[in-house]
Structures are given as structure tokens and as C-alpha cells.
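There are 2 protein chains.
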Amino acid sequence: MKLNDRGLLVVISGPSGVGKGTVRRALFEMPNHNLTYSVSMTTRQMRPGEVDGKDYYFVSEEEFKKNIAEGKMLEYAKFVGNYYGTPKDKIEEDLDSGKEVVLEIEVEGATQVKAQMPDCVMIFIAPPSKEALYERLKKRGTDSDKTIQERIDKADREFECAKNYDYIVVNDEVSNAADRIMAIIRAEHAKTKRTLHSYIELLNEK
Amino acid sequence: MKLNDRGLLVVISGPSGVGKGTVRRALFEMPNHNLTYSVSMTTRQMRPGEVDGKDYYFVSEEEFKKNIAEGKMLEYAKFVGNYYGTPKDKIEEDLDSGKEVVLEIEVEGATQVKAQMPDCVMIFIAPPSKEALYERLKKRGTDSDKTIQERIDKADREFECAKNYDYIVVNDEVSNAADRIMAIIRAEHAKTKRTLHSYIELLNEK
Chain A
12 MKLNDRGLLV VISGPSGVGK GTVRRALFEM PNHNLTYSVS MTTRQMRPGE
62 VDGKDYYFVS EEEFKKNIAE GKMLEYAKFV GNYYGTPKDK IEEDLDSGKE
112 VVLEIEVEGA TQVKAQMPDC VMIFIAPPSK EALYERLKKR GTDSDKTIQE
162 RIDKADREFE CAKNYDYIVV NDEVSNAADR IMAIIRAEHA KTKRTLHSYI
212 ELLNEK
Chain B
12 MKLNDRGLLV VISGPSGVGK GTVRRALFEM PNHNLTYSVS MTTRQMRPGE
62 VDGKDYYFVS EEEFKKNIAE GKMLEYAKFV GNYYGTPKDK IEEDLDSGKE
112 VVLEIEVEGA TQVKAQMPDC VMIFIAPPSK EALYERLKKR GTDSDKTIQE
162 RIDKADREFE CAKNYDYIVV NDEVSNAADR IMAIIRAEHA KTKRTLHSYI
212 ELLNEK
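Chains as they are written, first to last, in this note's numbering: chain A, 12 to 217; chain B, 12 to 217.
Think of the hints as simulated: they come from the structure by calculation, not from any bench. All of these numbers come straight from a predicted model, not from anything done at the bench. Hints are supplied without guarantee of correctness; some may be wrong.
Since copy identity is lost for identical chains, a pair holds within one copy or between any two.
Taking lysine-lysine pairs in the DSBU-like style, the calculated list, with each CA pair at most 30 Å apart, reads [stated by the list, open to error]:
#1 Lys76 x Lys89
#2 Lys141 x Lys101
#3 Lys202 x Lys125
#4 Lys141 x Lys83
#5 Lys77 x Lys174
#6 Lys204 x Lys76
#7 Lys141 x Lys202
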């Protein structure tokens, strides 16, 4: 018996290069889950193979800004000239239908989500060590030393944000990290703050 | 990788008759756990088949009171003329060695444990409905109507305590309840309040 029927908003975040996407995909490959992934909105160009409404909602800058103005974005940010963000409507609908909605987003966006939906479950994906993450950032693409240093500096700032999260999950093995996240989701459903209301109702039923 | 090596103190409690003992035993039958059960101390007579140091530590009232006076009891209470309680020393030792220490205790004792060890994980086992619990209490032994009513009144007071717990786990199916408790233990190990310290150490390692 699940005491509460509403789904959880699960925010998976962490420093760039830590493997958030890989962990999220492993999570979705697990059996018997009721997870749904929130598709982001972006103004960047669609790349070959991408599907509108699946990989992203591809919109014009004008439309994106209209969504911001109307308070329809749960979080958004501008990277390299393009907007990226999370539309709110679909999320509420999915949560109400009992699905766990997973967001895989940057640290900056995660802070915005927590402010708007304080009931969300904030999970920080951490690397096994700082060095391991630096190595991954250095190997990415063929960037200049300056770009690499900027990335490392950004990761260092992002590390500091871990303290604002509910959970820290080390991405040592992707399957372990996914297992831990699944345990967190189950445990969160049993949290007194989420269940007390329906528990009291249950007690008063005949 | 486990960020924190110290075990958790897991308090399993709930109203009399809810099946705490059955859930606890199912938990210990699960594979791959690192749980240990804290043996209680009592002044009541040993029953046939019981083993000292396994079922209980059987001691005299004088010895029990000495333990209380020396601050060696994590919690204790007197039921029907006998003392029952949890000795502290062994628990600290087990937690330091990384074991999860499980206490299966009455609601009154659980409150004492929380006060002394606020880091513990408090789990309230709830019945699928009030009626289901009343039925169980009525069927127990061959008690008088007065005794049964006293038990029901006690259960009603105990229901109210659920709000002081971290989690509410409904004992609908014993194996489900045990599964949920195991998920709670895994999740609690990833809690930022428990992991942040070792996470920071990890970041500063070369």
C-alpha cells in the first residue's frame, strides 16, 4: 500500500562531466519503475537524429521568452547563446497521475527548481574524486587550455553546491548509483512529511 | 563507494499488535545486509527455550537499576512489574564497526532513543487500517473485555505518535514492509547530512 499517490519530482544534478546523463539512462533501464523524464525546452538548433518533443521541445527564442514571461518555466538558463529550460505544465500533470518525474539538470537550474517546488528530492551526483572529474573534463573534445581551465573552475564552484542537496550519490559504478537513486525514491515515499496526511485519513476510515 | 562508514541506528516501532517483530525478522532474512539486532535487557523470568544473551540479557532488578543509575541504558520502561530496556555500550561498538543496529521497541522507548541519539532513523510501522489492528488485539490471548479496551486505547494513543517519526511504513505485506525498510537504510546512507563531511574529505584527497 502506498500511502501517498502523488509522484515525486526527482532532481538529478551535479557538476558537468560527472555522468548525470549516464546515471539517468541506467535508472530508466531498471525494471518496475514508474519514472518519466521531463523533456526540456531549448532554442538551439535541432541536431541530426534528434526528435522534437522527445530529445527537446525545440522553440524559437520569442516563444521561449513568452514562456518565461508567463511563469511557465520551472527553471531555465542561457548557455552559449541558447536558452534551455524545464516547462512546468506537463510536470504537474505527471506528478498528479502518480508518476515520478525525473529532471536531469545543471546545478544552477536545480537551485531554481528547489525554490519553486521545495518538496522535490534533490540528488547530487558526485565523482569518485576531483581528479577523476578533471581528467574527464580534459579529455572532452579538443578544447583549448583556457576552456578546460574554465570548466575546472566551474566544476569547483559546483562541488560546493552539494550541501544544498538532500542526497549525495557517488557515481563510482553507474549501476550502483542508479540502484541508490531507486532506493531514495522508495524511501522518500515513506517519509512522514509525505505520508502523514494520508495516514491520518486511513486511520479514520472504517 | 560508501561515503560514510559508520552504521545507522534504525528504530522500528509502532503500536502493539502491528507486527513489528514479524517485519524485523523478515528484514533479517533478506540477503546481503549488514544488520545486527540489539538484544534487550530484562528483569523478567527466562521462559523455556529462551537463551540468555540472545533473546534477552536476563538480569536481576538490582543490576538493571544499577545500569540505569550509571546511564548505561539507551531506553527502558517497566511493563507488568518487569523492566525492559536497551543497553548502550554494544550499540556504539556495532555502529562504529559499520553495522546497522536495529532496535525493535515500543513507542515510549523510541521517544527516549530519539532524544539520546537524534541521528537515529525512526520508522513507524502502521497497520493497513485501525480496524485491522483492533481485530488483532481482540484475538490475542483470552483477555477480558476490560483488558482489550485498555489495549485499544493504548493503540489509539500510539497512533498519534507517528508524526514524530522519520518514516511511516504500512505493514500490508510483511515482505513489502521489509523491502521498504531496506530502501530507507540505503537512502539514509546517501543523505547529505550524513555524507557531506566525508564528501568534503574525498574532494580534498589527491
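Quick rundown of the hints versus the structure:
no. : hint            : in the structure
1   : Lys76 x Lys89   : within (11 Å within a copy, 67 Å between copies)
2   : Lys141 x Lys101 : neither (36 Å within a copy, 37 Å between copies)
3   : Lys202 x Lys125 : both (18 Å within a copy, 16 Å between copies)
4   : Lys141 x Lys83  : neither (36 Å within a copy, 43 Å between copies)
5   : Lys77 x Lys174  : neither (33 Å within a copy, 43 Å between copies)
6   : Lys204 x Lys76  : neither (36 Å within a copy, 38 Å between copies)
7   : Lys141 x Lys202 : between (32 Å within a copy, 20 Å between copies)
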